[in-house]
Amino acid sequence: MAIFFFTLPPLSQIATIEGPVHAESSPAIEVRELRKVYGEKAAVDGLTLRVERGCFFGFLGPNGAGKTTTIRMLMGLAPASSGSIEILGHRMPAESLSIKSKIGLVPDDTLLFDHLTGAEFVEFVGRMYNLGRELSRSRTAELLELFELDGAGRKLIGEYSKGMRKRVAMAAALIHRPELYLLDEPFEGVDAVGARLMKDILLDQVRHGATIFLTSHVLEVVERLCDRVAIINQGRIIVDGTMDELRSGTETLEDTFVRVVGGPAHSSESLDWL
Amino acid sequence: MGFLLNDQVRAIVQAQFKGIYNKTTHGGKGSGRVFYWISMVLWYGGVLFLAWLAATALPEIRSRDTLTKVVSGGLLAAMLFWQFIPVMLATTGMSLDLKRLLVYPVAPKRLFAIEVLLRASTGTEVLIIMLGAAIGLIRSPIAPAWGPLFFIPFTLCNLLLSAGVRDLLTRLLARRGVREVVIFGFVLMTALPQLILSMVPPDKWKNYYELYGGRIPPFPWPWHITARLAAGDFTLDLLAAAFGWLALAAWFGYTQFQRGLSWDADAVKASQRATSSKTAAAGMESFYRLPSRLLPDPLGALVEKEFRMLCRAPRFRLVFFMGFSFGLVIWLPLVLGRGRAPGGFSDNILVMVSMYAVLLLGEVLFWNNFGFDRTAAQAYYVMPVKLSTVLIAKNITAVFFLLLEITIVTVVVLALRLKFPLSKIPEAFAVTLMLSVFLLAIGNLASMHYPRPIDPNNSWRHSNAGKIQGVLLLVYPVLALPIALAYLARYAFSTDLAFYGVIGAGFVVAVLTYLVSLESAATAADERREAILTALSRGEGPIA
Chain A
1 MAIFFFTLPP LSQIATIEGP VHAESSPAIE VRELRKVYGE KAAVDGLTLR VERGCFFGFL
61 GPNGAGKTTT IRMLMGLAPA SSGSIEILGH RMPAESLSIK SKIGLVPDDT LLFDHLTGAE
121 FVEFVGRMYN LGRELSRSRT AELLELFELD GAGRKLIGEY SKGMRKRVAM AAALIHRPEL
181 YLLDEPFEGV DAVGARLMKD ILLDQVRHGA TIFLTSHVLE VVERLCDRVA IINQGRIIVD
241 GTMDELRSGT ETLEDTFVRV VGGPAHSSES LDWL
Chain B
1 MGFLLNDQVR AIVQAQFKGI YNKTTHGGKG SGRVFYWISM VLWYGGVLFL AWLAATALPE
61 IRSRDTLTKV VSGGLLAAML FWQFIPVMLA TTGMSLDLKR LLVYPVAPKR LFAIEVLLRA
121 STGTEVLIIM LGAAIGLIRS PIAPAWGPLF FIPFTLCNLL LSAGVRDLLT RLLARRGVRE
181 VVIFGFVLMT ALPQLILSMV PPDKWKNYYE LYGGRIPPFP WPWHITARLA AGDFTLDLLA
241 AAFGWLALAA WFGYTQFQRG LSWDADAVKA SQRATSSKTA AAGMESFYRL PSRLLPDPLG
301 ALVEKEFRML CRAPRFRLVF FMGFSFGLVI WLPLVLGRGR APGGFSDNIL VMVSMYAVLL
361 LGEVLFWNNF GFDRTAAQAY YVMPVKLSTV LIAKNITAVF FLLLEITIVT VVVLALRLKF
421 PLSKIPEAFA VTLMLSVFLL AIGNLASMHY PRPIDPNNSW RHSNAGKIQG VLLLVYPVLA
481 LPIALAYLAR YAFSTDLAFY GVIGAGFVVA VLTYLVSLES AATAADERRE AILTALSRGE
541 GPIA
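Chains A and B supply the protein sequences, listed in that same order.
The first sequence begins at 1 in our numbering and counts up by one.
The second sequence begins at 1 in our numbering and counts up by one.
Check each hint, because a few of them may be wrong.
Stated by the list, open to error - Using 30 Å as the maximum straight-line C-alpha spacing, the simulated DSS-like pairs for lysine-lysine come out as follows:
(1) K69(B) to K204(B)
(2) K199(A) to K162(A)
(3) K155(A) to K99(B)
(4) K419(B) to K162(A)
(5) K109(B) to K99(B)
(6) K204(B) to K41(A)
(7) K278(B) to K69(B)
(8) K162(A) to K69(B)
(9) K199(A) to K155(A)
(10) K41(A) to K424(B)
(11) K18(B) to K204(B)
(12) K419(B) to K278(B)
(13) K18(B) to K99(B)
(14) K18(B) to K155(A)
These aren't lab readings, by the way, just hints derived from the structure by calculation.
Keep in mind the model is a prediction, meaning the values are calculated, not measured.
Chain B on its own, in the form it takes in the complex (with noise of 0.2 Å):
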């Protein structure tokens, strides 16, 4: 308790909320505030119900068996929820960097302690939900009253687990590729479960668990065994399992928070720079130099610097690489479930998964011009260049890595074996080229209007605004008229002809739309440029 006391302990735990509140809220102001505490209260009201079911629900369990998988899955669910916040908050910047507390007058050793109070303090929802399955297990007449007990050893090896995990992955992410692998990782499981639904419609599950359930060797995994010990399924053997993984856990936290504590971001960027190929570097030089061998300055240097900027980007080649990845796995279940039959979706999986990797790009790629490269914006204000110019070489730019986007998914979607007639390859270049080129006309005049800060090195931080967010749900209705018109045409007229006289003329539109966006966009970007400005010196630090 004395620890809890301390000053020291309480500001730290005291700045994480705060820097929690103010990160949500927007500093507390306005509208933010209002939109916290209503989130808060829905939120928590959920994790209040949620406690109050497993209170009420889990006393009219009469089966041992039954209670035990119960509460082995909500303690499983439990661990993940506790394992992933640490890492989401400090991916969003939000989670207190325990490394800059080094230069304070901190014990190190409470330092430790200071980290897994945090996160406990992170995981304030599992722990309420774990004391209303507590109260369940208690007023259980199956259960003994002592079961809960063993909730605790429970919930110090995931703090401690979890202070480990977030600064291995902290480590991890600093490093130039392993961190876009990581992410993608993480990415990629949200869609699995959607995939395996697919392949193994739930009816089958059962004869596949027969099948291959009982080849699995029994594995005392935690939140098992601390559902039997609560169940009161008491053995030796498992309370030593329990207190082992605990013990795990503890030198598993205390050994990555150390080396955290000791790691060196700089030397890990300058062994990395010591061991990058300078064969690649030459290619990549090449690839930089390409538009400024085929277009004039100063759009060449402008498309050559956005050429770079791009490609050094960690978000950007995160969402180029999950645009042919991601964007399959997503689609795949389609192809793999209804679309098995000749027809329907598996035929269009190609032209549907382009369209997917188009709409992902645009985060990146148009809807915020300036802000993703916000330190550049000040300088195409004092430049003696066109702002047009400006947002020319930026829509070449997209239009390039969009075109080669769409190259690899079909490079993908053949190397995968996919059956789909080969006509749908041009098909899904003209649908897509069209949609770009109206993407591009709108997304010109949202970054004037909308123009919010985005850090390029954060991979995964939200950063659409909510005002932009709503123009794409009307945009994206009105864009999908064409391309459905297009459709209708060579459904009506059964002939590929209708389809592309559709999208030529479609295409026609899309370029006299951008044209004149473009001039709108150009002259918002003057008249606007000191609430641009402002604009995008707010959030991460002022611009360079």
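Isolated chain A, as found in the complex (with noise of 0.2 Å):
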């Protein structure tokens, strides 16, 4: 299903800062032996990832496996200790400037404005992105209305639920159609009518040429969307490949995944009394 919202030409049309969007042949994203050390121990270590655009992305992991660390890093929230980051042809943190004009981000909470109603939040990342203040105005109320936050009037972010916190964030993350989408968890909290329109926008972008780098904790979610996944494991990258070579013969991603990762060593049998 097409989802049309503004009135804006398809991204192939689009010209940005740097130029005509595909005028490079540069994968959308390219680390090489990223390195993050918190005190003594190493959150992401010596990760290299490839991802082609046009592709929808999903990066999996199992909790503390260096997810976030990475995403933040490839946000410029978090400098690397060592290793290299490019993205749509661009170096970080050299170029960061020209990266974080043509990229979209749904976060990890902290970076929402609690003091900002949801309109508020919307039109002003609006206006980060120099789209001026009356097309982000409009914008952000077509975005809210699609999103079905309108309704939310003077409430505070700080007052939203969870589900409502990650739809005005992806209503902010769609403001100005990036070439790049770099989602942390986008559904977890947002009920399954938000979650299905979510779903179906970011195809809708995959569709005309934008690319979407996904961490999710739902495999089902991330089987239904990506194309391609890897699989993060203590800071190092253990799986790359295609949705299909993940999932050779009746394996599941989900089997892929907790064969990969390691299941518990002990099930819930070895518990007597459960």
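Could you fit the two chains together into a complex? Lean on the hints.
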């Protein structure tokens, strides 16, 4: 299902600061030997990754594997201890401004402004991407209506439920029609209708040439949406391939995930009382 | 000017003001908005009055020396205000965190300029008063008309310094331990003037100044040199000093701001975890386990959970620390001043500091039982445990920490060698214990009828709702009655027996009140569950 909002031309016709989209053949994301060390522990340990343009990429891993740290480094929020990051042909952090103007983010909770209303926040984000006040305002109204947040009125983001916070973050991510989306658990806490809407929008964006980098714990969602998946564990990529490669034979993505990450040493059967 | 016309810059400044407005008016709704506008009119009315005062009073001064002193004092006050306000806004969460803008395409150099601009926008009061002072200087017959031009480098110096101070403090406040010390230092500063006034009466100031003032080497402080330049005392070395301060502030502000942008809070937490002592952790674990050894479950488990939660909450740690330090500083002037003679205030310092500590701890121990750890509130309703048991667990924890606080107050007072009869030690415990039981009884009810969300990680954020403040105004005088009666009994019968007799009777009444209120509070908690959970979901994010 194609979702059309705003009266914007297709992504391929939009000219950006750096020139027309797809003018470059570089991948959307290219990461080499990336490391992030906290104290004595490496949260990300020599991560190498390549995400082609137009790809719906799933980035999976167990809790504490280094997913959020990786995405924070890609967003420019956390400096890498070593290694290199290239996004849409631009090097991070040297050309971070060019990168930031082309990416849309659904970050973790901490980047939302709790003391603004949803409308104020989305309009603010539009203006950060130099859309101008009028265009930001009109797109904000359309996006809030689309995500059914227009009824929230004067409610501050700090008073939103988790699902509403994700929806407002998604609306803000879409406002400037980015080339690359970095989405950290975008469906967390979102109801089925909202999640379906978000999925449809994202698939539509991919069809128009955008790239999506998604982290999620819901493997069924990843299985249905993504065409390529990487699994990270203890800061290292342990599997990287197409969805078909990962689901070889009768194995589901969940089977593959549990096998490569290493399931629990004991099953519930070992607990006599349970 | 081009910078100011940029839409990104305007959007950021507007977001800053909207954030402050929304926070102050609770989303710009109803009575909040009315209160906001009334307070704004009063506040800025006062600011305009001060500006008018400066504009009219400065031309009346006929001595350049006096003019320099007056302007110097005013500029010092302006500087303190300018450095304090951004810190206050940051700690109340009203200030826009520019680190969050890192994900948007805003040039890093522009971010610093925006930060400086935001500092100007949060100190408009100072700008208005300085404008008044500038008009006053222009009208002054003894100061040159170009004098107020030197306010410009002073203002810039303040803005740049303020940007740096805010960033430095944000990083300091994120460090466990340092945060409590820094905030305690700030709070203590507010009590120091009173202490100084009591120790050194104003009539002796002149003697002290003559004795020690001459020994202090003159230092070209920015407010002083700006005042001298503005009053017409123009020399090249003063001009160099003014711009030297400006350069220093620019360097400090820019380097601190850049450090703040690249600062990684997660890395700091990770390094703190790595350096924390295993022995200390084991000691704390034994302390946390103590209730479970003495009390049966689920009460033991609930009290243990309270111990863990409170000890890990920065806000509780700060208030507990303030109870025996700030409280003492507040009451010390009475001992050092009028109460130096036997009897009077000095004899009762322990009782007063203990009672003050109990009242101070109320916010975190009993006035808002569910709100202080609101993430747990939902669990109490779904777990197979009586709500009265939950309240008893919270109250046992409160009594434990109150007694611990009074013990520490006693040790500190003894360590300071303040002279008072030792019989005041059991008296302090008896009075505060009786007061605590009464307060717990009312606190349980207030917690269920006026729940409000509090962030236990925020050490300095104002949290009390207006309604609960009203309740406190009614409750405290009533609770003071049995204590006053006890002292009256001792005065009338000249025996401690009468005092302890009244306190004992009061204690019995307190326990009976507590038992009745406990049942009412548990019923209210059950009946008002939806209202309580809704109230606790507001403000600072949803219930986890």
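So, going through the hints one by one against the coordinates:
no.: 1; hint: K69(B) to K204(B); verdict: holds, 20 Å
no.: 2; hint: K199(A) to K162(A); verdict: holds, 18 Å
no.: 3; hint: K155(A) to K99(B); verdict: holds, 24 Å
no.: 4; hint: K419(B) to K162(A); verdict: violated, 57 Å
no.: 5; hint: K109(B) to K99(B); verdict: holds, 13 Å
no.: 6; hint: K204(B) to K41(A); verdict: violated, 60 Å
no.: 7; hint: K278(B) to K69(B); verdict: violated, 56 Å
no.: 8; hint: K162(A) to K69(B); verdict: violated, 56 Å
no.: 9; hint: K199(A) to K155(A); verdict: holds, 26 Å
no.: 10; hint: K41(A) to K424(B); verdict: violated, 54 Å
no.: 11; hint: K18(B) to K204(B); verdict: violated, 49 Å
no.: 12; hint: K419(B) to K278(B); verdict: violated, 41 Å
no.: 13; hint: K18(B) to K99(B); verdict: holds, 18 Å
no.: 14; hint: K18(B) to K155(A); verdict: holds, 13 Å
Of the hints listed earlier, those the structure fails to meet are numbers 4, 6, 7, 8, 10, 11, 12, in rising order.
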